[in-house]
Amino acid sequence: MNTLLNVRDLEVEFRTYAGVVRAVRQVSFDLNAGEVLAIVGESGCGKSVTAQSIMRLIPSPPGKITGGSILFNGEEILAKTETQMQKIRGNDISVIFQDSMTSLNPVLNVRTQITEILRLHKKMNQSQADARAIELLSMVGIPEPQTRLKSYPHELSGGMRQRVLIAMSLACDPKLLIADEPTTALDVTIQAQIIEVLKNIRQELNTAIILITHDLGVVAGLADRVMVMYAGNLVEQGTVDEVLCDPLHPYTWGLLRSLPRLNMGPEDKLKPIWGQPPDLLLELDRCPFLPRCEHAMAICAQDRPPAFNGKASHTVNCWLQHPMAPPTSRPQEVG
Amino acid sequence: MAISPELFKPLDKNRVQADEARPSITYWQDAWRRLKKNPLAITSLIFIALLTLTAIVGPFLSPYSYSDQDFDNIHLRPCREHPFGTDNLGRDILVRTMYGARISLAVGFVAAITTCVIGVLFGGISGLAGGKIDNLMMRFVDIMYSIPFLLWVIMLIVILDPEGSKGVNLSSIFIALGIVYWLPMARIVRAQILSLKEQEFILAATTIGAKKRKILLQHLIPNVMGSIIVTATISIPEAIFTESFLSFIGLGVSAPMASWGMLASDALTTLRSYPHVLVFPAVAICITLLAFNFIGDGLRDALDPKMRK
Amino acid sequence: MLEFVVRRLLSAILAIWVVITVTFFFMHAIPGGPFQRDKVLPPAIKENIEKRYKLDDPLLVQYKDYMLNLLKGDLGPSFKYRGQTVNGIIAARFPVSLQLGLVAFAFALLVGVSVGIVAALNQGKILDYLVMSFSTLGVAIPSFILGTLLMLVLSYKLGLLPPATWGTPLHIIMPAISLGALPTAYIARLTRSSMLDVLSQDYMKTAKAKGLPRRRIVWVHAIKNAIIPVLTYSGPLLAGIITGTFVVENIFAVPGLGKHFVTSIYNRDYTVILGTTVFYSMILIGLNMLVDIAYSQFDPRIKLSARKE
Numbered sequence: 001m002n003t004l005l006n007v008r009d010l011e012v013e014f015r016t017y018a019g020v021v022r023a024v025r026q027v028s029f030d031l032n033a034g035e036v037l038a039i040v041g042e043s044g045c046g047k048s049v050t051a052q053s054i055m056r057l058i059p060s061p062p063g064k065i066t067g068g069s070i071l072f073n074g075e076e077i078l079a080k081t082e083t084q085m086q087k088i089r090g091n092d093i094s095v096i097f098q099d100s101m102t103s104l105n106p107v108l109n110v111r112t113q114i115t116e117i118l119r120l121h122k123k124m125n126q127s128q129a130d131a132r133a134i135e136l137l138s139m140v141g142i143p144e145p146q147t148r149l150k151s152y153p154h155e156l157s158g159g160m161r162q163r164v165l166i167a168m169s170l171a172c173d174p175k176l177l178i179a180d181e182p183t184t185a186l187d188v189t190i191q192a193q194i195i196e197v198l199k200n201i202r203q204e205l206n207t208a209i210i211l212i213t214h215d216l217g218v219v220a221g222l223a224d225r226v227m228v229m230y231a232g233n234l235v236e237q238g239t240v241d242e243v244l245c246d247p248l249h250p251y252t253w254g255l256l257r258s259l260p261r262l263n264m265g266p267e268d269k270l271k272p273i274w275g276q277p278p279d280l281l282l283e284l285d286r287c288p289f290l291p292r293c294e295h296a297m298a299i300c301a302q303d304r305p306p307a308f309n310g311k312a313s314h315t316v317n318c319w320l321q322h323p324m325a326p327p328t329s330r331p332q333e334v335g
Numbered sequence: 001m002a003i004s005p006e007l008f009k010p011l012d013k014n015r016v017q018a019d020e021a022r023p024s025i026t027y028w029q030d031a032w033r034r035l036k037k038n039p040l041a042i043t044s045l046i047f048i049a050l051l052t053l054t055a056i057v058g059p060f061l062s063p064y065s066y067s068d069q070d071f072d073n074i075h076l077r078p079c080r081e082h083p084f085g086t087d088n089l090g091r092d093i094l095v096r097t098m099y100g101a102r103i104s105l106a107v108g109f110v111a112a113i114t115t116c117v118i119g120v121l122f123g124g125i126s127g128l129a130g131g132k133i134d135n136l137m138m139r140f141v142d143i144m145y146s147i148p149f150l151l152w153v154i155m156l157i158v159i160l161d162p163e164g165s166k167g168v169n170l171s172s173i174f175i176a177l178g179i180v181y182w183l184p185m186a187r188i189v190r191a192q193i194l195s196l197k198e199q200e201f202i203l204a205a206t207t208i209g210a211k212k213r214k215i216l217l218q219h220l221i222p223n224v225m226g227s228i229i230v231t232a233t234i235s236i237p238e239a240i241f242t243e244s245f246l247s248f249i250g251l252g253v254s255a256p257m258a259s260w261g262m263l264a265s266d267a268l269t270t271l272r273s274y275p276h277v278l279v280f281p282a283v284a285i286c287i288t289l290l291a292f293n294f295i296g297d298g299l300r301d302a303l304d305p306k307m308r309k
Numbered sequence: 001m002l003e004f005v006v007r008r009l010l011s012a013i014l015a016i017w018v019v020i021t022v023t024f025f026f027m028h029a030i031p032g033g034p035f036q037r038d039k040v041l042p043p044a045i046k047e048n049i050e051k052r053y054k055l056d057d058p059l060l061v062q063y064k065d066y067m068l069n070l071l072k073g074d075l076g077p078s079f080k081y082r083g084q085t086v087n088g089i090i091a092a093r094f095p096v097s098l099q100l101g102l103v104a105f106a107f108a109l110l111v112g113v114s115v116g117i118v119a120a121l122n123q124g125k126i127l128d129y130l131v132m133s134f135s136t137l138g139v140a141i142p143s144f145i146l147g148t149l150l151m152l153v154l155s156y157k158l159g160l161l162p163p164a165t166w167g168t169p170l171h172i173i174m175p176a177i178s179l180g181a182l183p184t185a186y187i188a189r190l191t192r193s194s195m196l197d198v199l200s201q202d203y204m205k206t207a208k209a210k211g212l213p214r215r216r217i218v219w220v221h222a223i224k225n226a227i228i229p230v231l232t233y234s235g236p237l238l239a240g241i242i243t244g245t246f247v248v249e250n251i252f253a254v255p256g257l258g259k260h261f262v263t264s265i266y267n268r269d270y271t272v273i274l275g276t277t278v279f280y281s282m283i284l285i286g287l288n289m290l291v292d293i294a295y296s297q298f299d300p301r302i303k304l305s306a307r308k309e
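Chains as they are written, first to last, in this note's numbering: chain A, 1 to 335; chain B, 1 to 309; chain C, 1 to 309.
Same shape as in the complex, but just chain A:
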């Protein structure tokens, strides 16, 4: 398999009034062509920042990519000029943002917003672009695409807008699609439809997708591989089966335990992860999850855990995987 994206030791900082926020800390991962990688974690864990760094969309100032490397198709993204980036954005890599209400320009109609990409990157004329736009809209399941083309965003429902955003992102057959919480702002039935659209894209177009979400159900249904982030750190990554069925990091255990399950009895309670994630202003020389971890050891307070290899492609940043650590197993499910 050929590697489409190779991220090594990515570091992203934001300069704020309160100090420097280190939002992403030494994150490394690979993505193969046609693969779906899910990034999960709670709000503020750095998953969106990681994804946006790949397109160099971090607002600067205050944000800045301070270290690491991002190789896309073997080329260093971080070394490109802004003009070179413009040729990549929307063309080779595109993104679907979370809130379709605010992500579409309210004063431009759907036609303008889709066709401008095609005219820019594919040098189409307006009628070619219109034809392609109609094709895209029907592909993402929008009925009567010709009429919808003239609509303004406020005339469309939330699900329709999200479909338009997806159509826009697919306009130039990108090699990599970043879906930044594409279903969060939608209600459940629409969520399912959008997931279905993404599944189709993956099957028909063989586009690699980075799916950012905190919905583990979506991950199980769509992704090949998962990475779990916590407080700017990568804590665990592996295939969906490895991470969801046999998680190794206490934080991932917590995440899974906080989910409702179909086999739960009426007396069973969901277990939240108590406490707050650490302040990202802090320079952490310890495991970031330490204050909330039930299995914390002395070493966790002294050094950041390195990546330990589990089975096959599974890696986890936790001292519990050290050969000297006491054997600890995932707590039993309730019930």
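Derived by calculation from the structure, the hints in this document are not laboratory data. Cβ coordinates follow ideal geometry from the N, Cα and C atoms, glycine included. One or more hints might be untrue.
For lysine-lysine, the following DSS-like pairs were computed, each having C-alpha atoms within a straight-line distance of at most 27 Å [unchecked claim]:
{"no.": "1", "chain 1": "A", "residue 1": "K199", "chain 2": "A", "residue 2": "K122"}
{"no.": "2", "chain 1": "A", "residue 1": "K122", "chain 2": "C", "residue 2": "K205"}
{"no.": "3", "chain 1": "C", "residue 1": "K205", "chain 2": "A", "residue 2": "K87"}
{"no.": "4", "chain 1": "C", "residue 1": "K125", "chain 2": "A", "residue 2": "K64"}
{"no.": "5", "chain 1": "C", "residue 1": "K205", "chain 2": "A", "residue 2": "K80"}
{"no.": "6", "chain 1": "B", "residue 1": "K9", "chain 2": "A", "residue 2": "K271"}
{"no.": "7", "chain 1": "A", "residue 1": "K122", "chain 2": "C", "residue 2": "K224"}
To list a few chain A residues with every Cβ distance to chain B over 10 Å, as calculated [stated by the list, open to error]:
{"no.": "8", "residue": "T81"}
{"no.": "9", "residue": "N109"}
{"no.": "10", "residue": "M124"}
{"no.": "11", "residue": "T147"}
{"no.": "12", "residue": "T184"}
{"no.": "13", "residue": "G217"}
{"no.": "14", "residue": "L270"}
Start from chain A and add chains B and C according to the hints.
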């Protein structure tokens, strides 16, 4: 670092400190803290305080009064006896500028107070009543709005003081400004109340049986206080501006009295030969307007963090 | 769309009617009536006016007559100037004011918007601070001070421009700048903050993520959104410019309607005050309506549904 088995002993949870939460502070403390960080606003506040003091006390300390004429000393340039010089009738410009400050500040503060009283009551009633009453009251405001303030004010002054040549009473100016300036306040208060009415804490207060008036006083007013203060502050420089404008076109206070607009207007007639007569009242108006604008901006930033840009 | 226009038209007509009615009754509320108090009124005029306004008739009949005349476009005779009608005065003088006002309006809109955009695109840089400082000053300097200062420097000291009166394009420059400075400053601030607001919106990130060049992001995606609040300010801007002509035309001795309006206030020329107020109000309400309709064209979100405040 050497890794020893010791390091893999479970950690005493009590020794791990949870990250400390920031101390919580109230809205007003927070606003004051933000305002203090705004040097322009604070400097302006001090300037206005000093100006107010000068306007009240200054004229008593001066050997001249605003109407004393000294025909031996007309159009003096600034000197020891007359630090700001004298005008075409030999009147001391310093003391006249201080009197001007009295009038301008009085106009500004009175406008702010009437704006608050009428605007808050009108907007409050309209917002709380809702429905038809609200609709009717707001149509009225809309219509008032569609005519420029200045035309209303001029018309009111013409009516209140029909005998043009003798000048205008200060009270007419107060009334005219008061009648007109509450409009934005009424709109803002109403809009705020309408959005607050939808919020859950008001519903909560209603469900435990609180009376409407009580809800208004206890919950709504403190919540809209921020916008009321900001709007009132912004209306001060507008009123001062309008008064000086009216004085300039001859609709201000009667002749021997002095207001800044009138001083500027007097200076215009002798501008070519004696430009210094213009300088002091002009500078006074500009700095005062600037100061009030800075205070208004500062308060808005401090009281309404959403509006920060 | 049509419904919106019709509703807007009806409310404009209602507003104009209210203005006329209120103005009429205000004028007649003056003790002794507006047309009887002046002692030096020539008998011929007095008779003429009394005949025209049928001052012996009950007030409501007079009102009906005035409204009927108004529908025919007749504002009545001047109260002070023998043989002149209000219509005649407006026809002779308004074109001058219009010319001056249009120049000032175009100046304010062009300079204000472009300067505001430049400031926003250079946020936090020297250019931004420069624009902000100038516009803060611009908001605080009243037009009559600026006009007087311009005259002092450009005409008296440097001799570059004619100090007063009307006729050549050179005569327009100083009055137009004095008139346009404050709205320019205000529009610059408004455009800047609106532009900054738009630039921080999610759809700007979308536009960037599409790989659009900065040129297109700014010109197509940002400015179209940022201009909307500026458009809504056109109404108050026009009002400001019209009332601004009252003082600017006086300073520069421009023979426009504004100057005459002030003169008629001095003289308490009631029919002219009444007629001019009605005339100005009609213009402003009409223009406001046009601005609203233009605005609805610009912002697709309100195109179809009638806009509520």
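Would the pair K199 of chain A and K122 of chain A pass a check requiring their Cα atoms to be no farther apart than 27 Å?
At roughly 25 Å apart (the allowed maximum being 27 Å), K122 of chain A and K199 of chain A satisfy the hint.
Is the straight-line distance between the alpha-carbon of K122 of chain A and that of K224 of chain C 27 Å or less?
25 Å, holds
Does K80 of chain A lie within 27 Å of K205 of chain C when you go C-alpha to C-alpha?
Roughly 19 Å separates the two Cα atoms, so the pair holds.
Confirm or reject the statement that N109 of chain A sits farther than 10 Å, beta carbon to beta carbon, from all of chain B.
Holds: least Cβ distance 29 Å, greater than 10 Å.
Given the hinted pair K205 of chain C and K87 of chain A, is their Cα-Cα distance within 27 Å?
16 Å, holds
Non-interface claim for G217 of chain A, where every Cβ of chain B lies beyond 10 Å
30 Å, holds
With 10 Å as the threshold, tell me whether L270 of chain A passes as away from chain B on beta-carbon distances.
Non-interface label on L270 of chain A holds, nearest chain B Cβ at 22 Å vs cutoff 10 Å.
Status of the stated non-contact between T81 of chain A and chain B (beta carbon gap over 10 Å):
The assertion about T81 of chain A holds, with a minimum of 30 Å to chain B.
Closest CB-CB distance from M124 of chain A to chain B, is it above 10 Å?
39 Å, holds
Quick one, are K9 of chain B and K271 of chain A close enough, alpha carbons at most 27 Å?
25 Å, holds
Are all C-beta atoms of chain B more than 10 Å from that of T184 of chain A?
23 Å, holds
Compare the distance between the alpha carbons of K122 of chain A and K205 of chain C with 27 Å, and conclude whether the hinted pair is satisfied.
Within the cut-off at roughly 21 Å; holds.
When held up to the earlier numbered hints, the structure conflicts with none and fits them all.
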